[in-house]
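Number of protein chains: 2
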Amino acid sequence: MITGGLGFIGSNLAHQLAALGADVLLIDSLIPDYGGNRFNIAGIESRVTVNIADVRQANTMNYLVRDREVIFNLAGQVSHIDSMRDPHTDLEINCHSQLTMLEACRTHNPSAKLVYAGTRQIYGKPDRLPVDETHLVRPTDINGINKAAGEQYHIVYNNVFGVRACSLRLTNIYGPRQLIRHDRQGFIGWFIRTALEGGTIQVYGDGSQLRDFVYVDDAADAFLRAGATDAVNGGVFNVGGPAPVSHRDLVTLLLEEAGTGRVNFVPWPDEKRKIDIGSFYSDSSKFTAVTGWRNTVDLRDGLRRTLAYYRPNLARYLEPPS
Amino acid sequence: MITGGLGFIGSNLAHQLAALGADVLLIDSLIPDYGGNRFNIAGIESRVTVNIADVRQANTMNYLVRDREVIFNLAGQVSHIDSMRDPHTDLEINCHSQLTMLEACRTHNPSAKLVYAGTRQIYGKPDRLPVDETHLVRPTDINGINKAAGEQYHIVYNNVFGVRACSLRLTNIYGPRQLIRHDRQGFIGWFIRTALEGGTIQVYGDGSQLRDFVYVDDAADAFLRAGATDAVNGGVFNVGGPAPVSHRDLVTLLLEEAGTGRVNFVPWPDEKRKIDIGSFYSDSSKFTAVTGWRNTVDLRDGLRRTLAYYRPNLARYLEPPS
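Residue numbers (my numbering), protein chains in the order written: chain A, 1 to 322; chain B, 1 to 322.
No lab work stands behind these hints: they were computed from the structure. Note that CB positions come from ideal geometry on N, CA and C, so glycine has one too. Hints may contain errors.
For each label pair, taking beta carbons as the anchor points, the in silico distance ranges come out as [what the hints assert, rightly or not]:
1) B:R248 x A:D298: 54 to 62 angstroms
2) A:D230 x B:H182: 36 to 44 angstroms
3) B:Q57 x A:T107: 24 to 32 angstroms
4) A:R66 x B:D270: 22 to 30 angstroms
Bound-form chain A, shown alone:
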């Protein structure tokens, strides 16, 4: 079972699971402006089951979790900008729903194992680099606070109720099937779209800030590995990129691979500066030690694959979701 199964990471994970012959149930609410997109499962429609539902609905979740061995729990509100405009909705989707899902497992399928999609965003502005899991959790926006709570619920249910669960703290993930209709779900998808459309990518400041990027197939592999071993239960794990890259270098690489688009360096908007965290990159060695996971796709190769995916399919990611 994958919650958020029609979304970016969820659907890529679904493709991997379908290829492995798994019995796959995708749950998605297809809320407009979130990441769900029916086209994301093109090619595997006949090999997966899709159930449209909202993870906040307790009765529905109580029914759907039954008999599922592993639940990849990726449904969520991921826009930190939206979370600052409407904090109550972010709370509903990122906290209330997680409790509903965990209660569903506790009461209706206590032998299920959950892998939660956490985020490096909960660390906030780092005290040191790279950031490992001993770093303080100090979110700079409402979304980060609620994602941290959602993660901690999983750990408490693991420790207290024996519902096996862990969290993967994902860094910036990129690749095919990401939402690019608007710019409120991370900058890299927006940059890719802008390059493909021959537009001008806006980089704040001098672009010297560092980030690490994980190609979505590697992120999906991290979920598979976490789902396959009980050694991760009760743990939180960074899942980060192969090496830090500046925004400037990212855009240079992207424009080279795209062959279209331009870049423009603009001053920081005050609103964004306030919740900016400077450079960030994470240390994933804890997760590698436990599961053997590592990045297999470097940034240039990943961008090339991403562009190759979107070029023929761009229209499917610009129209409103159907």
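Following the hints, put chain B in place on chain A, whose structure we already have.
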């Protein structure tokens, strides 16, 4: 304005503010089994305004926060046992309501200053002692997770929206006006009631676990000091006791001062062992450095004063709230 103003710490704070001649508005929902008790403001009824309301109600809060200079934000669900039985209600009261309160200030009184009642519980089982504010936040129950989120909301509203706020991470507080009708709101009030009634205090294990205890007048003084200085804005501060004391020594002291009651050491119940955190005591030097606050009442003196308060008033704390 004090949310949870008829509760334990809120009402003691109200007594101090009334003595200082402040214009005091007490908000309380008087939810049965929570800490609110009308008798807590006996003697100051004519000097404070009481408004029964639920902090989850946005329209009501939007109205009530207007013109308030300082908001002592103490309303909450404080039972970690209840939070594990009904996590959604804990979320409603400890997260949803905090966003409602902060949104009320942002939109209707952005010059208000908030002091949030945080808890040492969010640290979970400590890696080192004493625990200072650089220690990881790693709650062991749903209540701790939600209290951590409530605290972080305040810090984000301070940093992003300029609504001045800070959090005091309170350790075990004891003293007059605490709920002692049931044993789900901390063990010390329950021990005091048991001693006064000549009953047997149950101590788990050998009672060697350490805790630090703050007399409620000192806790109220911490809120006053935090409310009076902008140097705390955006900060989180431990408010801990003068010195760590074992459960065993606490009970010995209490029985000496009470002159009634007995103690019995019993094995740990499995359910409680699972969410127990071992010894805990906190380092409050950061708060002392900023505000000059320190403990003025030691444990023996505090217990003596507490017993002296409850002896003539015990019935007021055993009957259902009116």
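Hint check against the structure, violated hint numbers in rising order: Those not satisfied: there are none.
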